[in-house]
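Number of protein chains: 2
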Amino acid sequence: MSLSIQHLVIIGTGLIGGSLALALKQAGVVKRITGVGRSPQNLHDAIRLGVIDDASDNIQQAVQDADMVLLAVPVAACAQVFKDIADALPEHAIITDAGSTKQSVIKDAQKSGLDMSRFVPAHPIAGTEHSGAAAAFPTLFQNHRCILTPSTETSAESLAKVREMWKYTGANIEIMDAKQHDDIMASISHLPHLTAFSLINALHDDDVFRFAAGGFRDFTRIASSSPEMWRDIALCNAAAITDKIDALQHELHDLRQALQTQNGEALLQKFTAAKQARDQWLSAYGDNI
Amino acid sequence: MSLSIQHLVIIGTGLIGGSLALALKQAGVVKRITGVGRSPQNLHDAIRLGVIDDASDNIQQAVQDADMVLLAVPVAACAQVFKDIADALPEHAIITDAGSTKQSVIKDAQKSGLDMSRFVPAHPIAGTEHSGAAAAFPTLFQNHRCILTPSTETSAESLAKVREMWKYTGANIEIMDAKQHDDIMASISHLPHLTAFSLINALHDDDVFRFAAGGFRDFTRIASSSPEMWRDIALCNAAAITDKIDALQHELHDLRQALQTQNGEALLQKFTAAKQARDQWLSAYGDNI
Numbered sequence: 000m001s002l003s004i005q006h007l008v009i010i011g012t013g014l015i016g017g018s019l020a021l022a023l024k025q026a027g028v029v030k031r032i033t034g035v036g037r038s039p040q041n042l043h044d045a046i047r048l049g050v051i052d053d054a055s056d057n058i059q060q061a062v063q064d065a066d067m068v069l070l071a072v073p074v075a076a077c078a079q080v081f082k083d084i085a086d087a088l089p090e091h092a093i094i095t096d097a098g099s100t101k102q103s104v105i106k107d108a109q110k111s112g113l114d115m116s117r118f119v120p121a122h123p124i125a126g127t128e129h130s131g132a133a134a135a136f137p138t139l140f141q142n143h144r145c146i147l148t149p150s151t152e153t154s155a156e157s158l159a160k161v162r163e164m165w166k167y168t169g170a171n172i173e174i175m176d177a178k179q180h181d182d183i184m185a186s187i188s189h190l191p192h193l194t195a196f197s198l199i200n201a202l203h204d205d206d207v208f209r210f211a212a213g214g215f216r217d218f219t220r221i222a223s224s225s226p227e228m229w230r231d232i233a234l235c236n237a238a239a240i241t242d243k244i245d246a247l248q249h250e251l252h253d254l255r256q257a258l259q260t261q262n263g264e265a266l267l268q269k270f271t272a273a274k275q276a277r278d279q280w281l282s283a284y285g286d287n288i
Numbered sequence: 000m001s002l003s004i005q006h007l008v009i010i011g012t013g014l015i016g017g018s019l020a021l022a023l024k025q026a027g028v029v030k031r032i033t034g035v036g037r038s039p040q041n042l043h044d045a046i047r048l049g050v051i052d053d054a055s056d057n058i059q060q061a062v063q064d065a066d067m068v069l070l071a072v073p074v075a076a077c078a079q080v081f082k083d084i085a086d087a088l089p090e091h092a093i094i095t096d097a098g099s100t101k102q103s104v105i106k107d108a109q110k111s112g113l114d115m116s117r118f119v120p121a122h123p124i125a126g127t128e129h130s131g132a133a134a135a136f137p138t139l140f141q142n143h144r145c146i147l148t149p150s151t152e153t154s155a156e157s158l159a160k161v162r163e164m165w166k167y168t169g170a171n172i173e174i175m176d177a178k179q180h181d182d183i184m185a186s187i188s189h190l191p192h193l194t195a196f197s198l199i200n201a202l203h204d205d206d207v208f209r210f211a212a213g214g215f216r217d218f219t220r221i222a223s224s225s226p227e228m229w230r231d232i233a234l235c236n237a238a239a240i241t242d243k244i245d246a247l248q249h250e251l252h253d254l255r256q257a258l259q260t261q262n263g264e265a266l267l268q269k270f271t272a273a274k275q276a277r278d279q280w281l282s283a284y285g286d287n288i
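Quick mapping for you: the protein sequence lines, in order, are chains A and B.
Using numbering that gives the first Met the number 0, the first residue of the first sequence is number 0, and each one after it goes up by one.
Using numbering that gives the first Met the number 0, the first residue of the second sequence is number 0, and each one after it goes up by one.
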């Protein structure tokens, strides 16, 4: 199967949307790319840098002859975008997204009245600390995972086409259930971020922090992430994250018990298990991250 | 005051003890350094590399004409070393250590019958991921903090001499109460380590971990630390760490509540406060770590 996209419309032309645009242009599989966004300056940059061919601030007009539409906006903004485009989309258009949570996005799409057979939920796991079209580059997704989470209604043709599109970015594509995706992300990303925020809040005292060193810097790096983005992700994946918080609370409770009873054997078992799990993970996958 | 150490005995000639030896030799303020340790190979390396002048496996003999004795062994081993040397020390010798917890070490020294006026508890906050005399280098402590926590019995002369010794390493010396030291370390080092271990244990599932990326790697780096060392530190600073665990559990509980009630405003406040605290810390001290 050889992919050919006539008109790709990217709603949210930032790092993710822009990098996909560049990768697909480089692969020569897309004829025209229109960017839609709230910032005229960012869209101007995107055109100047050859990320998109043209731009629009009218979302309904922009999608009316699209054959592929990508939502690359924060997850909390997806509901409104689905409502805006549901009735304006031409019948053959495929819709996909790049949000960090998937069950919430599927629910938003269903509520909007979108034809769910043509919606392929996706989450490319890639990013940098920069944002905006000017930060986009065509190899962002290379060797990174892109998880597709088709709903029960997603058609096989829609799924195949989105999968083909992401293959051109060099991403490693995995297909799984949206709930499984959200549980995995709660573990490897959402809980670590919320824990880093909590740790800083629990300990914050400038007179104490001035003694902190490199280990603290690394451990708390993700606490410098965008509060707005993490509020949205937390709200959209609240159930899975709550389960993981409970698991962490349970572990902290066990450690607390061991400390109070001076149970060195229990502490050693816990620390050894954690170190082994982390070291095994690093030796298996560390070269790819 | 010009420092001159006639005979420095280092018990535990690893990264910390060895690096202090090299710094003092380079400064020309020590005539002879004897290394004491359990590993003949490590002591052999230390002599070959010029870290120490001679070595001994008889701790009582080694200290009998020392004027400065440094304990650079794990905190859990200090009690036995104090007992071993208490009666063998000449009357003028000053004793210091480099342990990560200070109240426990002071208690161990007191129990051993050591002359407490000559004991200066110290904690140089420096290290690398390597260990052993072969990993030692003279600039390890440069621009790092070295905290001295004299007990009520420590004499002013002993404190002055140990302070002078650490100055030659280029360390920034701070003097504080042992309890304050242990509280600070519980915050900036001990709780982060225990949290990293707990997080890994709470989430561990190889099928899930394979999706983890760079943020997870940084956040969990300290979970690859030595389980034995962390067991010892945790046992030696259990009370302070327990307080910090309580504070973290309180924060996690608040987040859980906010998630369950979909309280985006509360989440945003928490995340913003954490990001601001972390960013402020980094801009104030980040260049020095």
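Hints are computed from structural coordinates only; laboratory data are not their basis.
Among the hints, a few may not be true.
Copies of the same chain look alike in the list, so a pair counts if it fits in one copy or across any two.
No more than 25 Å apart at the CA atoms, straight line, and that leaves these computed lysine to any residue pairs for SDA-like [claimed, not checked]:
no.	residue 1	residue 2
1	K160	S3
2	K30	I174
3	K178	T241
Treat the numbers as computed from the prediction; the structure is a model and nothing was measured.
Comparing the hints with the structure gives:
When the C-alpha separation of K160 and S3 is checked against a cutoff of 25 Å, the pair qualifies only within one copy, where the shortest distance is 9 Å, while the shortest distance between copies is 77 Å. With identical chains, the CA atoms of K30 and I174 are never at most 25 Å apart, being 27 Å at best within one copy and 68 Å at best between copies. In this assembly of identical chains, the alpha carbons of K178 and T241 lie at most 25 Å apart only when taken from the same copy (14 Å versus 35 Å across copies).
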